[in-house]
Amino acid sequence: MQFAQICDRVETDASAAGPINLSAFPGIWVNSNPDTNGIARMVMSESDGNLSLQVYAIGPDGLIDWGTADVSVFTSKPSSRVGAGFTCLYDFGFAQTRLQGMIAKGLLVLAQFHRFKDDSKRVDYFVREYFALAHGRY
Amino acid sequence: MSQTFEFKQSSHLHPALLDPAAKTLDADKLTGRWVNTNTETQGLAEFVIEQDGERFSVSGVGVGADGPIDWPMTSATPLANLEEEAGQRAVALAATFAFGFMRAETQIRVNKGVLVIVVFHTFLDDSRRSNYVNREFFYRQD
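As given, the protein sequences belong to chains A and B, one line each in that order.
Going by numbering that gives the first Met the number 0, the first sequence runs without a break in its numbering and finishes at 137.
Going by numbering that gives the first Met the number 0, the second sequence runs without a break in its numbering and finishes at 141.
To be clear, the hints were calculated from the coordinates, so they are not data collected in a lab.
Be a bit skeptical, because a hint or two may be false.
Short derived list, chain A residues pointing at chain B, Cβ under 8 Å [as the list claims (entries may be wrong)]:
1) 9
2) 42
3) 69
4) 73
5) 113
6) 124
With a straight-line Cα cutoff of 20 Å, these simulated PhoX-like cross-link-like pairs (lysine-lysine) come out [stated by the list, open to error]:
7) 28/B x 116/A
8) 116/A x 111/B
9) 111/B x 7/B
10) 22/B x 120/A
11) 120/A x 7/B
12) 76/A x 104/A
13) 111/B x 22/B
We treat Cβ as the ideally placed atom computed from N, Cα and C, and that holds for glycine.
Please take these sequences and the hints and turn them into a complete structure.
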């Protein structure tokens, strides 16, 4: 088994291989910053063991629906089967946005990599925002 | 900024995005040799960031069972970092290390003098290891 650091190195049990637990993800994630000019909320859904994401972003005239994207799920370590992070990609044609999220204690830290493909001469940029799951418990 | 630009969120229209210098702003806050704050880390022990004009390169040293493991130098993409805490604006970097058996996508930024690296590891072999994400903190050595 190859590894690039000690924490890559685990002894995997073939019988333990199974679907990743996605329970931490589904729901409506709301930006903690009410004044954001980025992503307002995200809806994460699970279907047949697969996770998808729908983003609603702030626009000058209201929310902009980015549509749905497939999500790649990441755990916290190679031996874990519990989802703790994700990545996905939106390609808008004029720009591409890669999202990378990490969840800890109910907080989703979302990194956004925005890369422009048009001739607007806008520089590529990075944004990090925080989201909380609307759980309605208190 | 003119709204003739296409956008998918209001931040796509941020005026600062038209300043080419935003991609290298305060890059000196990132360049140099960084050492993991966690002396017991089982991940990256060191990280080096170099700049040549608008080009950035990164390399690392992973902690191995029998000694350090090189994370070979690779190019990094600079991105303007417009909304860091306390109004700090410094470039952020994205880089991908390709090991063959694994791909490590890194997210690199500095926050109040601390280098924060988030790594998304995707295994490309048949080891059945879960793809995983890890975040580590570094202080600058020189």
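These are the hints, each one checked on the structure:
no.	hint	in the structure
1	9	holds (6 Å)
2	42	violated (16 Å)
3	69	violated (14 Å)
4	73	holds (4 Å)
5	113	holds (7 Å)
6	124	holds (4 Å)
7	28/B x 116/A	violated (28 Å)
8	116/A x 111/B	violated (31 Å)
9	111/B x 7/B	violated (30 Å)
10	22/B x 120/A	holds (12 Å)
11	120/A x 7/B	holds (16 Å)
12	76/A x 104/A	holds (17 Å)
13	111/B x 22/B	holds (19 Å)
Violated hints, in rising order: 2, 3, 7, 8, 9; the structure is consistent with all others.
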